[in-house]
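Trainee: So you can see what is in the structure, the chains are spelled out below.
2 protein chains.
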Amino acid sequence: MTGRFAFMIDPVDIEEQRSDYADTFTQVDAAAPALSVGELSTQRGDGVFESIGVVDGHAQEVVPHLERLAHSARLCDLPAPNLAQWHQAIDEAAAQLGSGESVIKLILSRGVEHGPTPTAWVTAAPAPDFSAVRENGVRVVTLDRGYDLGAAERAPWLLLGAKTLSYAVNMAALREAHRRGADDAIFLSSDGFVLEAPTASLILRFGDRFVTPAPNGGILHGTTQLSMYEHLAAQGFETAYDRIPAADLPRADAAWLVSSVRLAAAITAIDGVSLPVDPSLTADLNRYLLSPRD
Amino acid sequence: MTGRFAFMIDPVDIEEQRSDYADTFTQVDAAAPALSVGELSTQRGDGVFESIGVVDGHAQEVVPHLERLAHSARLCDLPAPNLAQWHQAIDEAAAQLGSGESVIKLILSRGVEHGPTPTAWVTAAPAPDFSAVRENGVRVVTLDRGYDLGAAERAPWLLLGAKTLSYAVNMAALREAHRRGADDAIFLSSDGFVLEAPTASLILRFGDRFVTPAPNGGILHGTTQLSMYEHLAAQGFETAYDRIPAADLPRADAAWLVSSVRLAAAITAIDGVSLPVDPSLTADLNRYLLSPRD
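Protein sequences, first through last, are from chains G and U. The C-terminal position of the first sequence is numbered 294 in this note's numbering, with every residue numbered one higher than the one before it. The C-terminal position of the second sequence is numbered 294 in this note's numbering, with every residue numbered one higher than the one before it.
Treat the hints with care, since some could be wrong.
Note that the list lumps identical chains together, so a pair holds whenever it fits in one copy or between two copies.
What the hints assert, rightly or not - Derived SDA-like pairs (lysine to any residue); straight-line CA-CA distance at most 25 Å:
hint, residue 1, residue 2
1, K105, R243
2, K105, P245
3, K105, P33
4, K105, E153
5, K105, P128
6, K105, G115
7, K105, G181
8, K105, D208
9, K105, P11
Hint data in this document are derived by calculation from the structure and do not stem from the laboratory.
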């Protein structure tokens, strides 16, 4: 098993994008005290993050993750991260991780209260074993996210397109799903449209057409979803972004939750009603998602 | 100036409410590394908190704050905090704080990822000097919170009545207010009712009647608001909880944002339109809020 460790990035480059800041990080043990109690990440969930899958030492889709980190930072009025600095930390962490599957997380916090700069770090750890869920799929329940589809555009301070550290609701939704005997959840807008899962994107199949909720509704644009769409398009399937009424969910010919570390999990039931599954396509998707991707 | 320090509570009492756990905490410097990167407070904003005002070494309204901490923990499926353990940490911190105004924060985090218990700590620091804002008041803007008034009851996983660490939206709302030239914000429900400020409760005055939004709409029940209502009732004023349409805001005879550390700040303008202020009543309210309260 590979170890758990972190790189504290110090100094964090503040918008100057200096190339000589690229290797300024210090390795610490993941269990060691590394953050002060004044950290706004911990006091306010005030920061942004990314989770990157690593397969046999290869960090997947690094550039899309870095671009989304920068996008989230912009939505949260955080200084623009120096992507070269982060990229080098990711490469160094991935090189230290052994064979098998791992996860690298990037965290950009607003910093210590009244402090001058953000705090930033990268964590590296073995991934949980998701082989069973990739094979057996997940039962999901639908849960109201409380926002209508227009909220993101109307109220950008709701940060709906940013991957912030304020994930308490996402975690509560997973607990509610477990309470209902399911494995995961699909969030619906208060006006009845399909959004995303608490920590994954949703892809539905209708015939030879694959569709995912349009990210302009205030959901995250999934890096794994993007990558899977490339793969599906290369195989001649039609891929689309759309506004999907919740009533369409049980009509799907197949559906998956896709995310960077668990990868593609077929949805076997929605709110207790079975959904068709396609084990061979799911296996193919996961083979692709486990292959080196940049 | 009093120092900044924290007590790490270890072991955190898990539901046994053992009385011999009451003084098991370790003092650390607030700037020193104390938390690991695996902390779910920092990775997910997954935990609950309280901010307690301290005046000349007296922690204000400790029991209501502890009761709200327990309430938030319950809504977040966290183990019930041992209130005696927390109370002793608060008393010890308050005793170490010198004269003047300070702030004690209580943080109960879900703990380290895959860890066995929550993490808990108490921070103590001098309060910012709020004398000017107590005298001059605040200009506010109204901002859509995205949720309708029924969301809290319909979707408890939105954690609307819990004081969670996931405050990124609250912080973004304050930045939006500053961007619009205001000092603070009032959240409105998506169906047009008045909620609360990002870090304060709202109290409106209409004649001799004081009214605040009913906390069953998914807002926090403000400890300072409760205390102020006792004071107002003792003076013969009528106090009420109600559903307040946003259209009623400019008709108020006076309005305040009230919170544990800043105390009562008169609202001088809403969305650029002036509101009447009552400097002598505001001064009286702050005198009361600065007096020792339990």
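Trainee: Look at each hint and say if it fits the structure.
Mentor: To see whether the hints hold, each was checked on the structure:
1. K105 / R243: The answer is neither: 30 Å in one copy and 43 Å across copies each exceed 25 Å.
2. K105 / P245: neither (33 Å within a copy, 43 Å between copies)
3. K105 / P33: both (17 Å within a copy, 20 Å between copies)
4. K105 / E153: Close neither inside one copy (28 Å) nor across copies (34 Å); limit 25 Å.
5. K105 / P128: within (14 Å within a copy, 34 Å between copies)
6. K105 / G115: This pair counts as both: shortest intra-copy Cα distance 23 Å, inter-copy 18 Å.
7. K105 / G181: neither (29 Å within a copy, 36 Å between copies)
8. K105 / D208: neither (34 Å within a copy, 55 Å between copies)
9. K105 / P11: Intra 18 Å, inter 28 Å, cutoff 25 Å: intra-copy only.
Checked against the numbered hints given earlier, this structure breaks hints 1, 2, 4, 7 and 8; the rest are met.
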